[in-house]
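Asks: Each residue of the sequence shown is one higher than the one before, starting from 110 at the first, in the working numbering.
It should be emphasised that the hints constitute simulated quantities derived from the structure, not laboratory data. Keep in mind that the hints are not guaranteed to be accurate.
Stated by the list, open to error - Below, in silico cross-link-like pairs of lysine-lysine (DSBU-like), each with a Cα-Cα straight-line distance of 35 Å or less:
{"no.": "1", "residue 1": "236", "residue 2": "260"}
{"no.": "2", "residue 1": "235", "residue 2": "212"}
{"no.": "3", "residue 1": "212", "residue 2": "146"}
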Amino acid sequence: LFTIGGHAEDRVVNVFNWSDYIDSSIIDDFTKETGIKVVYDTFDSNEILETKLLAGGSGYDVVVPSGNFLARQIQAGVFQKLDRSKLPNLSNMWDTVQERTAKYDPGNEYSINYMWGTVGIGYNIKKVQAALGTDKIDSWDTFFNPDTLAKLKDCGVYVLDSPADIIPAALKYL
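Kindly produce the complete structure, drawing on both the sequences and the hints.
Replies: Rendered as C-alpha cells:
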C-alpha cells in the first residue's frame, strides 16, 4: 500500500518503507527527474511502522503499511486523505488489487496499492520426499503438528517472523 501526504513545494519527500523494496537507483532517478530529494528510511515489521506512526509526529510523507494494519492506522488519524487530482496514474492501477485494498480503506481514500504479496510454504521437494514420504505439502499441518515438523528438522525449517501473518495461519489450522 502507498499512502502520501507530501508537499511538492518542500522539494523533499520523506518515505518510510520496507527494506529492500525500492532500489536506490530508482530513488536517484526520481530525484534527477523531479528535483525532489527523497529521504528514505526502512523498517522490517509492521509493528515498528505502527509504533512510529501512532506515537505521532513521524514526519513521513509516504509510508507503506500492510493492509491488515492500515484500517487501524486510518482510524487513529495518522494519514491524510489522498488528493486524487494529483495522482494521474491511478487509472493504471489493477482493479482487482484496488478492491482488496478497499477492504482496509473503503473507497481507497487514504491509500493506493503499491505492491502485494502472499504468505505460503516453500520447500525442497527432494528433502520433503525423503523426510515425509511425499513430495507435496498442502497443509499447515506440516508446520503446526509437532510430530510432522520433527520429521523435517534435518531439512531446516524457518518461519516468517511476523505475528500478523503467522497467527492467522495458525488459527486457520486450528
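Asks: So, for every hint listed, does it hold in this structure?
Replies: These are the hints, each one checked on the structure:
1. 236 <-> 260: With Cα atoms ~11 Å apart, residue 236 and residue 260 stay inside 35 Å; holds.
2. 235 <-> 212: Roughly 39 Å separates the two Cα atoms, so the pair is violated.
3. 212 <-> 146: holds (33 Å)
Against the hints set out earlier in the document, a violation occurs for number 2 only.
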